[in-house]
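Student: Single-letter residue listing:
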Amino acid sequence: MNNLDGFENIVKDKLQQQQYDYDPSQWNAIEKRLPSPKKGLPWRSIAAASTIIVASIVVWQIQKGKDSAKIEKDYQIRVITDTDAVLKSNPIQSNGGDQLSTIDKKNKTIIVEDRAYIQPVGEPSISNSVRSSDGLKEESSKIHQNKVEKLDESDLITENAVTVDDDIATTDITNVKRPSAQFTLDKTTICAGDNIDFELIQKSNNTQYLWDFGNGKSSSEHSPVFRYSQPGTYYVHLRATSTIDASIVNVSDKIAINVHPRPESNFNWSENSMSAIPIIQFEANSENAIAWDWNFDNGLTSTEKSPLVTFRKKGFYKIELTSINTEGCTKISQQQLEISTDYNLLAPNSFTPNADGINDDFIPKALDILNVNFEMSIFDKRGLIYSTKSVSYPWTGSNQRDGGICPQGAYVWIVKYKDHDGIDQIYKGTINLLK
Amino acid sequence: MNLTEKQLQNTIRKCIKKDRKSQELLFKTYYSKMMAVCMRYSRDHDTAQDVCQTGFIKIFEKLERFSFGGSFEGWMRRIMVNTAIDFIRKSKKELTIIEDESRIEDDAFDTEEDNVSELLGIGISDVVEAMQSLSPAYKAVFNLYVMEDMSHKEVAETLGISQGTSKSNLSKAKKNLKALLKLKMKHNE
Numbered sequence: 001m002n003n004l005d006g007f008e009n010i011v012k013d014k015l016q017q018q019q020y021d022y023d024p025s026q027w028n029a030i031e032k033r034l035p036s037p038k039k040g041l042p043w044r045s046i047a048a049a050s051t052i053i054v055a056s057i058v059v060w061q062i063q064k065g066k067d068s069a070k071i072e073k074d075y076q077i078r079v080i081t082d083t084d085a086v087l088k089s090n091p092i093q094s095n096g097g098d099q100l101s102t103i104d105k106k107n108k109t110i111i112v113e114d115r116a117y118i119q120p121v122g123e124p125s126i127s128n129s130v131r132s133s134d135g136l137k138e139e140s141s142k143i144h145q146n147k148v149e150k151l152d153e154s155d156l157i158t159e160n161a162v163t164v165d166d167d168i169a170t171t172d173i174t175n176v177k178r179p180s181a182q183f184t185l186d187k188t189t190i191c192a193g194d195n196i197d198f199e200l201i202q203k204s205n206n207t208q209y210l211w212d213f214g215n216g217k218s219s220s221e222h223s224p225v226f227r228y229s230q231p232g233t234y235y236v237h238l239r240a241t242s243t244i245d246a247s248i249v250n251v252s253d254k255i256a257i258n259v260h261p262r263p264e265s266n267f268n269w270s271e272n273s274m275s276a277i278p279i280i281q282f283e284a285n286s287e288n289a290i291a292w293d294w295n296f297d298n299g300l301t302s303t304e305k306s307p308l309v310t311f312r313k314k315g316f317y318k319i320e321l322t323s324i325n326t327e328g329c330t331k332i333s334q335q336q337l338e339i340s341t342d343y344n345l346l347a348p349n350s351f352t353p354n355a356d357g358i359n360d361d362f363i364p365k366a367l368d369i370l371n372v373n374f375e376m377s378i379f380d381k382r383g384l385i386y387s388t389k390s391v392s393y394p395w396t397g398s399n400q401r402d403g404g405i406c407p408q409g410a411y412v413w414i415v416k417y418k419d420h421d422g423i424d425q426i427y428k429g430t431i432n433l434l435k
Numbered sequence: 001m002n003l004t005e006k007q008l009q010n011t012i013r014k015c016i017k018k019d020r021k022s023q024e025l026l027f028k029t030y031y032s033k034m035m036a037v038c039m040r041y042s043r044d045h046d047t048a049q050d051v052c053q054t055g056f057i058k059i060f061e062k063l064e065r066f067s068f069g070g071s072f073e074g075w076m077r078r079i080m081v082n083t084a085i086d087f088i089r090k091s092k093k094e095l096t097i098i099e100d101e102s103r104i105e106d107d108a109f110d111t112e113e114d115n116v117s118e119l120l121g122i123g124i125s126d127v128v129e130a131m132q133s134l135s136p137a138y139k140a141v142f143n144l145y146v147m148e149d150m151s152h153k154e155v156a157e158t159l160g161i162s163q164g165t166s167k168s169n170l171s172k173a174k175k176n177l178k179a180l181l182k183l184k185m186k187h188n189e
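Residue numbers (the working numbering), protein chains in the order written: chain A, 1 to 435; chain Y, 1 to 189.
Heads up, some of the hints might be wrong.
Below, in silico cross-link-like pairs of lysine-lysine (DSS-like), each with a Cα-Cα straight-line distance of 27 Å or less [unchecked claim]:
| # | chain 1 | residue 1 | chain 2 | residue 2 |
| --- | --- | --- | --- | --- |
| 1 | Y | K14 | A | K32 |
| 2 | A | K187 | Y | K18 |
| 3 | Y | K175 | A | K381 |
| 4 | A | K318 | A | K418 |
Residues from chain A that keep clear of chain Y, each with C-beta distances beyond 10 Å, as calculated [claimed, not checked]:
| # | residue |
| --- | --- |
| 5 | A276 |
| 6 | R382 |
| 7 | S392 |
| 8 | I405 |
| 9 | D421 |
| 10 | N432 |
FYI, nobody ran anything at the bench for these hints, they're computed from the structure. Using N, Cα and C, we set each Cβ at its ideal position, and we do this for glycine too.
With the hints as constraints, model all of the structure from the sequences given.
Tutor: Here it is in structure tokens:
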């Protein structure tokens with residue numbers, strides 16, 4: 001347990017009392033991002049009825065796979081990715097699965113794939129040509145091509161089979177389990193240069209994973225983090241291959257990743273030399289930005305395009321501008337600004353209240369120029385001795401507390417006012433009263 | 001809304017089976033508490049909602065791995081906190097920055113007594129707002145140390161910073177927070 005001090009305890013206590021009313025729209029947003037439930041969808045019965053067909057197709061695939069693993073892999077890819085394409089145009093989808101289409105389009109975080117158990121069967125029963133090597137490759141792939149087309153017709157069925165409990169498919173059990181290629185990703189819309197976390201849902205043993213990020217880059221990690229640096233749309237998929245039997249492959253759907261461009265972010269500044277008050281005018285010049293977020297490194301921030309800022313202390317400031325475009329993408333730029341003199345309302349540090357007409361009273365000069373409603377207070381060691389709200393009533397060395405005249409010495413002044421943006425400004429300094 | 005221990009266990013089991021109604025119930029039950037966590041790590045309400053959604057999705061995904069031994073709420077909160085820190089980390093690589101300048105000109109308060117008891121009366125939403133306006137590096141350290149009760153060693157490990165940075169960021173976070181809260185008190189007067 002940390003030993004918290006009084007302040008920390010107050011903050012902790014306050015923060016722990018936070019309460020938020022339930023917001024059903026938040027649940028809707030989450031629901032869209034959750035994986036589809038395994039059971040209870042209306043098209044389950046159709047799916048169950050057609051599983052047997054699927055199972056037989058799968059067995060057929062494996063028989064061929066044993067002979068010609070390489071071709072088989074390509075073939076499998078086509079089966080699954082094509083599934084995706086067919087699904088989107090198949091009329092059955094529109095009646096059969098309102099829910100299906102919702103899942104398919106909106107729930108991009110989870111990819112569904114075929115998880116049927118399959119058993120490689122010993123004797124190849126199809127196409128002698130597959131057995132031979134290079135010479136006949138062309139011919140054999142042609143045959144596969146035909147088969148692929150045939151398969152397209154039953155593609156929807158293949159997809160549906162996913163939701164069925166494994167019991168039907170497993171009647172014929174199985175020594176090699178098809179590895180899962182399901183994965184999640186944390187977002188599908190990003191800004192150029194952002195990372196996406198891809199995460200395998202279920203890691204299978206003896207499996208080689210290959211991620212295709214859709215831009216020529218790939219990875220064999222289980223759960224890679226990938227950075228897209230160029231804007232565009234990329235289609236990602238994952239291929240899981242069994243290392244025991246390379247013909248046992250699973251490929252995920254392709255998921256579109258939208259990478260938005262970032263805005264430019266440039267700015268410059270100028271000092272208004274006409275005014276005695278040092279005001280810096282900043283100007284964002286990032287054309288394709290629609291919003292700006294400034295940090296002036298002096299405790300002030302702004303969201304204007306051309307903010308005006310006063311710096312009180314001389315020194316170097318790290319000015320940071322975040323530009324935001326219509327896609328919500330941001331870009332940050334930084335420049336260093338040097339302020340060469342302190343600014344404290346242009347207040348002098350001493351005055352001589354001796355009625356000689358020179359420096360007889362005290363008021364920070366800037367208050368004259370600023371034209372704001374202010375309050376100036378003067379303190380000695382025991383507390384407040386003078387206060388005024390008008391430049392016409394500067395401090396002349398009198399003591400309002402006891403009605404007397406203040407002796408020579410150092411006094412503290414504090415000026416508070418609201419600036420034109422309604423923000424409280426507080427300045428403080430020391431004034432020497434000289435006799 | 002509160003669930004009895006038995007209802008909770010039941011709900012969790014159904015959630016593992018991806019039962020939508022139970023997921024919704026779980027979400028409803030913990031929304032307020034989790035949102036409170038997300039708010040203090042985020043810069044605004046929208047970001048907090050984003051963090052909260054992502055956190056809940058992770059919770060549902062990882063639910064199978066929850067062992068009924070420990071506190072369920074504590075387990076959820078850890079996931080939320082990690083999600084929030086991931087968000088900070090992704091949005092800006094700022095967690096390690098030690099800012100050398102105090103963000104607030106607090107000279108003006110020197111003459112006033114540094115008494116925190118006046119802050120007892122401040123509104124909860126003011127504290128949340130002040131918390132949100134802290135820089136990400138300060139916010140993360142303050143939250144982990146004060147709210148999650150982590151030691152500086154744990155904070156440092158969680159954020160990938162040194163213990164020294166953790167300590168100095170905590171004290172600067174407090175300084176800024178204090179100044180912000182006092183300003184807010186003044187506004188409200």
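Student: Against each hint, give a clear statement of whether it holds in the structure.
Tutor: Okay, the hints, checked on the actual structure:
no.	hint	in the structure
1	Y:K14 / A:K32	19 Å, holds
2	A:K187 / Y:K18	21 Å, holds
3	Y:K175 / A:K381	26 Å, holds
4	A:K318 / A:K418	26 Å, holds
5	A276	21 Å, holds
6	R382	12 Å, holds
7	S392	25 Å, holds
8	I405	23 Å, holds
9	D421	14 Å, holds
10	N432	17 Å, holds
Of the numbered hints stated above, none is contradicted by the structure.
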